[in-house]
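Novice: Given next are the chains, with one letter for each unit.
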Amino acid sequence: MKNFSRMLKFMRKPGGHEHRTCECKRKLLAWTLALAAAAAAVAAAGESPVTVFKILWNSAFGSAENFSYTLFYVTPMLLTGAAVALALEAGLFNIGAEGQLYAGALMAAAWGALTRGWTAAGAAPAILAGGAVLAFAGGAFWGAIAGYLRAYRKTHEVISTIMLNFVAMALVNWVILNPLKNPENQNLETVWVAEAARVARPWLQMTWGLPAALLAAFGALWAVRRTWLGFRIRATGANETAAGIAGIATLRTELLTMAASGGIAGLVGFHEVFLNSYRLIDSFSPGFGFTGLAVALLARGNFVKLVLAALLFGALSKGALDLDLETERVTRDLSTVIQAIILLALAVTAGKKGERG
Amino acid sequence: MNAAQLVGIAKSYGEVKANDGVDLTIRAGTIHALVGENGAGKSTAMKILFGMVPPDAGKILFGGREVQGRWDPHRAGAAGVGMVHQHFMLAGPESVLDNLVLGVEDCRFGVRRRARERAALEKLMGETGLRVPLNAPVEGLPVGLQSRCEILKVLYRKARFLILDEPTAVLTPSETADLLRTLRVLRDSGHTVLVVTHKLKEVMDVADEATVLRAGKTVATRKISGTSVEELSELMVGRRLVMPTRASGSERNARSERASIPIGSGEIVIRAGEITGIAGVEGNGQEEIVRRLVERMAPRPASFAFIPGDRHREALVLPFTLTENLRLTRKFHPAVPGRRLFHAASGPERALLAEYDVRPPKPELAAEALSGGNQQKLIVARELSSLARVPREPSHPQGGVILAVHPTRGVDVGAIEFIHSRLLAAAESGAGVLLISSELDELMALSHRIGALYRGSITAWFEGPDYDERKIGLAMLGGGAAEKKSNSPEAPA
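Line order of the protein sequences matches chains A and B.
Residue numbers in the first sequence follow our numbering, run continuously in steps of one, and reach 357 at the last position.
Residue numbers in the second sequence follow our numbering, run continuously in steps of one, and reach 493 at the last position.
Quick caveat, the hints were computed from the structure, so don't treat them as lab data.
Positions of the beta carbon are idealized from the N, C-alpha and C atoms, including for glycine.
Be a bit skeptical, because a hint or two may be false.
Unchecked claim - Sample of chain B residues with no beta-carbon within 10 Å of chain A, all distances over it, derived: (1) Arg112; (2) Glu127; (3) Glu139; (4) Arg157; (5) Gly238; (6) Gly285; (7) Pro319.
Said to hold, decoys possible - Chain B is faced by these chain A residues, among others (derived, beta-carbon under 10 Å): (8) Phe61; (9) Gly62; (10) Ser63; (11) Ala64; (12) Ala194; (13) Ala196; (14) Val199; (15) Ala200; (16) Arg201; (17) Pro202; (18) Trp203; (19) Thr241; (20) Gly244; (21) Ile245; (22) Ala249.
Isolated chain A, as found in the complex:
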């Protein structure tokens, strides 16, 4: 355990230890506030907050089946969270993880359709490797568009990524309805991938995506802290002018970071197509890209916090499913309300301008 904590030490930001106690208090206050506000919302809707929280808890952690389902939700959130966190290090606000994961899914589904007939003995690893690379490439390309616009055309990435989200989703819709449509039924889905390439789940609802996503997220955050490329990304984000004068190609770094960020988000598409549904289903993402934004903001570049934040939001997403069934007056939207309240409470208590958490 000690070794592990030493391993993670690099995740900590330098300096700023003086405010630690103060910050602890502030965080506690934020969480208390969030819980109280959520409880108030539930009470206002006419349900007992205790009952509702119990339902949420049981639905997320109550049984092995439920917990494995939660872990299934955690997987894409880890990836999109890491993607957004990476872009944040370069001072870029990537609101486009949603579009990037659809772009990745599109590439993965196309690759899956193309390789559907592959039955040779060694085909499965080749299909999977190709799918992962292409999903990454698809997301990276989508991110790179916004990166290029930001770096060389001075178009703000918040605007361009939001717009690109719509384009990606529309593109996926078209692909599902037209070239890749599953001819066997009327569902809005693409053809299934080759049978050999359908990776089975290791435990109930959990997929192999979880360990892979953990690894990818860790790798991304490690690289930002520990490689020269990461140093360049952080310098560009912290002071673009000084970094440029010091000789760092800041524009290229921005483009590259957006591409890498999009690529990581694109892996969610690979997860969906090869590890989960084995096909691309219309609107498969309930907004993983946007949840990733919340996860990244909670994590602030720290891997452990990233995992915890993804777990929290995964649990809230899973818990929400049972709210519809087991209560009369609140629906799954309450879970979204709670997520929003948590973010707001943390933002409000995040401290003075310029202080870092």
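Use these hints to put chain B onto chain A, whose structure you have.
Specialist: For chain B alone, kept in the frame of chain A given last:
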């Protein structure tokens, strides 16, 4: 009678003792100077006096009475204390009038009575002789007028006791003279003024008394009539200062050209082993010179050292550690064996911090925690040390090119001495230095040649070592015949 007093003030930030026994007595109706090196605790003492920071120990007295309870800027303002910040607190696009009354607008039923505000301000300007154009947007004014706006702002709030933080840091010589005159006028009309500065010449010029801080402690308070710049600087630094000056360079025709920058109708030639100084009032084309040289040097070679004029914006990544800031340019240095990974451990950086006397020499500290002078030393360390490692290629037989823009702005005397000696040493070992500065003293002490810059061209070149300050000053303002347009050796001197 004493206007204000600090007694035994102590204040620590973490392990750093910013103030550790500061005593300060400011007599009413005087101009009092608070001097000390960067990091000596001047700013902290000033902030405590103004209530921005509570002291850990000690007493604050105003008008002879000890301050009870929490002392904050609101109470200080109510007690007639006004603060003029080093970085102006003005809303750029708004008019001078709006800026001056911001926060204390004259309103009735939520509607501004601008005519009354204007009348009050006109009266104030008449009484003090501080005139500003009330309708002009602030951002269009010269810096000297902006600083005047800041002073009017606190006077409008009925301040009787003014605290000025490095008021002349960004002013030209004539604006500085103006400001000092203003301070005298204020004193003569019964105000008390505390000037926090490290420019001893100005202290000698305008102050009645000076208190010297060193390492967080008051070391002495002197009447100006009974002291000298030498004594004050010795008290500040704790030792005798020897300001370095260049050795007189004679065989300059033999020196090889390092770079040349076309400017106006002439050009600036940077030669190996020499410091070429550019004198000029700010805004006369300094930025253009910098831009052209930096563009010529892109992509940035290791043989180019650049000390930018704005250290916070152009040179440092403030939230980064000292190590990270030192490494900002190093990756691009061919002589450093390419380490694949970025490590937090920092042996060479520690040595560099010690060599360049950056205090505190803690590699893991964030750059924003350093005082201005130490930040500047950090930049000099980074830039000059990477130059020192440049292999002596045939094309660059002796070092490279150094561009230093206001290298000692807002830096205390000890650091100035140090930075000057480093620049001279770099030139001596063969680098070509272009020094752009608004401090004539600095230029005259270091440069082999000084070009006077006026409206985008060099109006005259002056050869060292014996300069005529008056002539250079004249040429900076466009006066004086152009001696020659270029400093290339072919042209007869």
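Novice: So, for every hint listed, does it hold in this structure?
Specialist: Verification of the supplied hints:
1. Arg112: For Arg112 (chain B), whose nearest Cβ neighbour in chain A is about 29 Å away, the distance exceeds 10 Å, so it holds.
2. Glu127: holds (38 Å)
3. Glu139: holds (20 Å)
4. Arg157: holds (25 Å)
5. Gly238: Correct as stated: the minimum Cβ-Cβ distance to chain A is 29 Å, above 10 Å.
6. Gly285: The assertion about Gly285 (chain B) holds, with a minimum of 19 Å to chain A.
7. Pro319: Given that some Cβ of chain A is not farther than 10 Å from that of Pro319 (chain B), nearest at about 6 Å, it is violated.
8. Phe61: The hint is violated - Phe61 (chain A) has no Cβ within 10 Å of chain B, the shortest such distance being about 37 Å.
9. Gly62: violated (43 Å)
10. Ser63: Ser63 (chain A) check fails; min Cβ-Cβ to chain B is 44 Å, beyond 10 Å.
11. Ala64: For Ala64 (chain A), the interface hint is violated, since the closest Cβ of chain B sits about 41 Å away, which is over 10 Å.
12. Ala194: violated (39 Å)
13. Ala196: violated (38 Å)
14. Val199: For Val199 (chain A), the interface hint is violated, since the closest Cβ of chain B sits about 33 Å away, which is over 10 Å.
15. Ala200: violated (37 Å)
16. Arg201: Violated, because the Cβ-Cβ distance from Arg201 (chain A) to chain B comes to roughly 36 Å (cut-off 10 Å).
17. Pro202: With a closest approach of 33 Å, the Pro202 (chain A) hint is violated.
18. Trp203: Hint on Trp203 (chain A): violated, closest Cβ of chain B at ~35 Å, above 10 Å.
19. Thr241: Result: holds, 5 Å to nearest chain B Cβ.
20. Gly244: holds (9 Å)
21. Ile245: holds (5 Å)
22. Ala249: Holds. Min distance 8 Å.
Hint violations for this structure: numbers 7, 8, 9, 10, 11, 12, 13, 14, 15, 16, 17 and 18, all remaining hints satisfied.
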